[in-house]
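These protein sequence lines map, in sequence, to chains F and E. Our numbering applies: residue 21 is where the first sequence begins, and numbers increase by one. Our numbering applies: residue 2 is where the second sequence begins, and numbers increase by one.
27 Å max Cα-Cα, derived DSSO-like pairs, lysine-lysine:
1. F:Lys42 x E:Lys42
2. E:Lys16 x F:Lys149
3. E:Lys16 x F:Lys42
4. F:Lys49 x E:Lys42
Examples of chain F residues lying across from chain E (beta carbon under 7 Å, computed):
5. Gly144
6. Arg184
7. Leu212
Computed far set for chain E versus chain F, every beta-carbon distance over 10 Å:
8. Leu26
9. Leu121
10. Ala130
11. Gly176
12. Arg227
13. Glu240
14. Leu242
15. Ala252
16. Leu258
17. Ser272
Treat the hints as calculated values from the structure; they're not laboratory data. Glycine included, each C-beta is placed from N, C-alpha and C at the ideal position.
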Amino acid sequence: MTLEHLPSAAPSLARLIQELNKLPGIGPKSAQRLAYYIIRLPDGEAQDLADAINAVKQSIIFCRECQNLTDANPCSVCANAQRNREQICVVEDPLDVLALERTHCYRGLYHVLHGVISPLNGIGPDQIKLKELFPRLSDGAVKEVVIATNPTLEGEATAMYISRHLAGSNVKVTHLARGLPVGGSLEYSDELTLSRAFQGRQEV
Amino acid sequence: MAPPRTYRAEALTLKTAPFGEADLLVTLFAREEGKLRAVAKGARRPTGKLVGHLEPLTFTRLSLNRGRNLDVVSQAQTLDNFTPLKSNLTALSKGLYVAELVDGFGSEASPNEPLLRLALDTLAALGRAPEDDLPLLYFQLHLLAVSGLLPELHCCVECRRPLEPGRHRYSAAGGGVFCPDCAAAPAVNGAPDGAGYSSGYGTGTGIGTRPLSLRALKVLRLLASRRRPADLPDLTLDEPLALELKAILTATVQYWLDREIRSNAFLNHLSRTGGGGAVSRSE
Numbered sequence: 021m022t023l024e025h026l027p028s029a030a031p032s033l034a035r036l037i038q039e040l041n042k043l044p045g046i047g048p049k050s051a052q053r054l055a056y057y058i059i060r061l062p063d064g065e066a067q068d069l070a071d072a073i074n075a076v077k078q079s080i081i082f083c084r085e086c087q088n089l090t091d092a093n094p095c096s097v098c099a100n101a102q103r104n105r106e107q108i109c110v111v112e113d114p115l116d117v118l119a120l121e122r123t124h125c126y127r128g129l130y131h132v133l134h135g136v137i138s139p140l141n142g143i144g145p146d147q148i149k150l151k152e153l154f155p156r157l158s159d160g161a162v163k164e165v166v167i168a169t170n171p172t173l174e175g176e177a178t179a180m181y182i183s184r185h186l187a188g189s190n191v192k193v194t195h196l197a198r199g200l201p202v203g204g205s206l207e208y209s210d211e212l213t214l215s216r217a218f219q220g221r222q223e224v
Numbered sequence: 002m003a004p005p006r007t008y009r010a011e012a013l014t015l016k017t018a019p020f021g022e023a024d025l026l027v028t029l030f031a032r033e034e035g036k037l038r039a040v041a042k043g044a045r046r047p048t049g050k051l052v053g054h055l056e057p058l059t060f061t062r063l064s065l066n067r068g069r070n071l072d073v074v075s076q077a078q079t080l081d082n083f084t085p086l087k088s089n090l091t092a093l094s095k096g097l098y099v100a101e102l103v104d105g106f107g108s109e110a111s112p113n114e115p116l117l118r119l120a121l122d123t124l125a126a127l128g129r130a131p132e133d134d135l136p137l138l139y140f141q142l143h144l145l146a147v148s149g150l151l152p153e154l155h156c157c158v159e160c161r162r163p164l165e166p167g168r169h170r171y172s173a174a175g176g177g178v179f180c181p182d183c184a185a186a187p188a189v190n191g192a193p194d195g196a197g198y199s200s201g202y203g204t205g206t207g208i209g210t211r212p213l214s215l216r217a218l219k220v221l222r223l224l225a226s227r228r229r230p231a232d233l234p235d236l237t238l239d240e241p242l243a244l245e246l247k248a249i250l251t252a253t254v255q256y257w258l259d260r261e262i263r264s265n266a267f268l269n270h271l272s273r274t275g276g277g278g279a280v281s282r283s284e
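In isolation and in its complexed conformation, chain F is listed as follows:
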């Protein structure tokens, strides 16, 4: 959408609509609705939104250890002396760290790849933050790498690549269990999911 497509809107409003339209999942109609919502916001709230966007752009950096997005370097997880430094959990995306932290069952460190190996999209190991992972394992302090990439073909390819790269080292490589989702249905599960769920069965 360009400014020419909004001839009747004031230029500043048209610009806001155009910028909102660039956000993922926001179409032209949603952009217009959001823009008019912002206009109707009290002055303070609109300013808070603008300040929050500015602040996040100015202060957020990659953690030099785990590559997660942070405003302190190293991030709060990497700086926390209580975390288990023998385990590194490799995830695709910063949102995966939040999801795993909500479980309260993992106390190790993280490494965020910011993507996965996706040959069909031309994304190889050099296009994601894989090369930053291997130096973290070179001093022998890390005993286990837990691969928590998504159970997609690209996620599995990334897991296999890491596992192949670490073959011959003393680092134990594990990945999260694959199986049936809570609330899922056996009948509709595909064969691979079912067979992995069966392989990973546990004593009740």
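Could you slot chain E onto chain F? The hints should help.
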């Protein structure tokens, strides 16, 4: 009469992409429909019933509802998951290369059963022998064959005489092999590089060519003569021969596709590094 609103298809999933909040846009190559794109609603939710059946490189029986722009997948049942292929990084990267080429050479609303059969047979062969070079070379050559683009391997493409042992040259743009006499003829319009080929010396057609060893020519003829990858002989290619065949067939496929083959970069990365390289210890 309007076509039925719902139809069934047997299809190989070539690629998927996120679509909307929780949907998946799936590119399929179907037995009777050719290449088609469809939406799997809610497939990206953890409890989505379709996503496991629609992973790339899965052969699936589907029910689809016709939509205004895109058809919608209503049911899916895996016929072959190619589990051995997906359990090996080398085989998987070759499988993705196969999927990209089927996507590139397949056309929408244009069924091509031999191409589907070729892809399925190749994926199965790759799962059985991930490190073997022959299945992928077979796929590349037969992909050209089922697309009507098989290079001429028995007669000189210029003078049409049967090829005798000698210093042949090969050209993708020229459509096959040049005999030593025609390859040595001076170029009419210069000898521009074609499809990454060196133009060491010209041909009468002015097309870039590259040397073709007799051994490579024999393997190409052998590959062309077999009807299925399972019929391939137990043949081990030494490295120079494998590299020559890969270079010839990859350049030919790329010449006809007329765009970069993205998955080739990762395939080359793996063959360069083996994907390995244990972490060095500072002990």
